[in-house]
Amino acid sequence: MSYRIFDTSPLDPVAQPLIDALTQEYATRYRAFRPDSQASAAAELARYPAELFAPPEGAFIIVERDGETVGGGAFKRYDAQTAELKRIWTREDQRRQGLARRVVEELEARALRQGYRRVYLTTGFKQPEAWGLYIDSGYAPLFDRAIAPEVHVHLPFAKDLVNPRAIDTLEDLRPREPLGAQH
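According to this note's numbering, the sequence shown is numbered sequentially starting from 6.
Derived by calculation from the structure, the hints in this document are not laboratory data. A few of these clues could be false.
Quick list of simulated restraints, FRET-style, between CB atoms [to be verified]:
hint, residue 1, residue 2, range
1, Ala48, Arg106, 14 to 20 Å
2, Asn168, Arg34, 31 to 37 Å
3, Val167, Ala51, 29 to 35 Å
4, Asp71, Pro146, 33 to 39 Å
5, Ala26, Asp84, 26 to 32 Å
6, Asp71, Val167, 21 to 27 Å
Everything numeric in this text was worked out from a predicted model, so none of it was measured. All C-beta atoms, glycine included, are put in the ideal place defined by N, C-alpha and C.
Please put together the full structure from these sequences, using the hints given.
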């Protein structure tokens, strides 16, 4: 069994298993909250043009195992110093083996090479395994964890790639004015 990680586009046919599986997973997880969950999930996955996930400001990666798509993810520009992770997925039979963590690490490495210093992402309140992955990977939750997750709907996380654990709030993502700047 051999794995291969490579850059591609969400329009590449090799990415279709990722898109299809994410659509189905979102629709299933959120069906009780959105009667139109299948259409809503498909719209979310089609929300961003493929060009946003291409260098120099983005990336879209696929993980293949023995020629089959088993994982992947992407990032796009959030701001000049921050990449936003999107579409992180591993095939159900490949979960709990460290593959999602590897996808996140690969995306972080690409983001650093492309000049980003920070990473931001949101995940849904019905995806507790994703929360665990991001927290275990050094991401700071930017929401009040004492409040029920469904109140937040979208749960934001961030990580400083240069100075880990330097982000505690959404305010920490905002660019700082240079020292000595005139007001």
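Structure-based check of each hint:
1. Ala48 to Arg106: 14 to 20 Å: violated, 29 Å
2. Asn168 to Arg34: 31 to 37 Å: For Asn168 and Arg34 the Cβ distance comes to about 34 Å; the hint holds.
3. Val167 to Ala51: 29 to 35 Å: Holds - the Cβ-Cβ distance for Val167 and Ala51, about 33 Å, lies within 29 to 35 Å.
4. Asp71 to Pro146: 33 to 39 Å: With Cβ atoms ~36 Å apart, the hint holds.
5. Ala26 to Asp84: 26 to 32 Å: holds, 30 Å
6. Asp71 to Val167: 21 to 27 Å: violated, 36 Å
Checked against the numbered hints given earlier, the structure breaks hints 1, 6 and satisfies all the rest.
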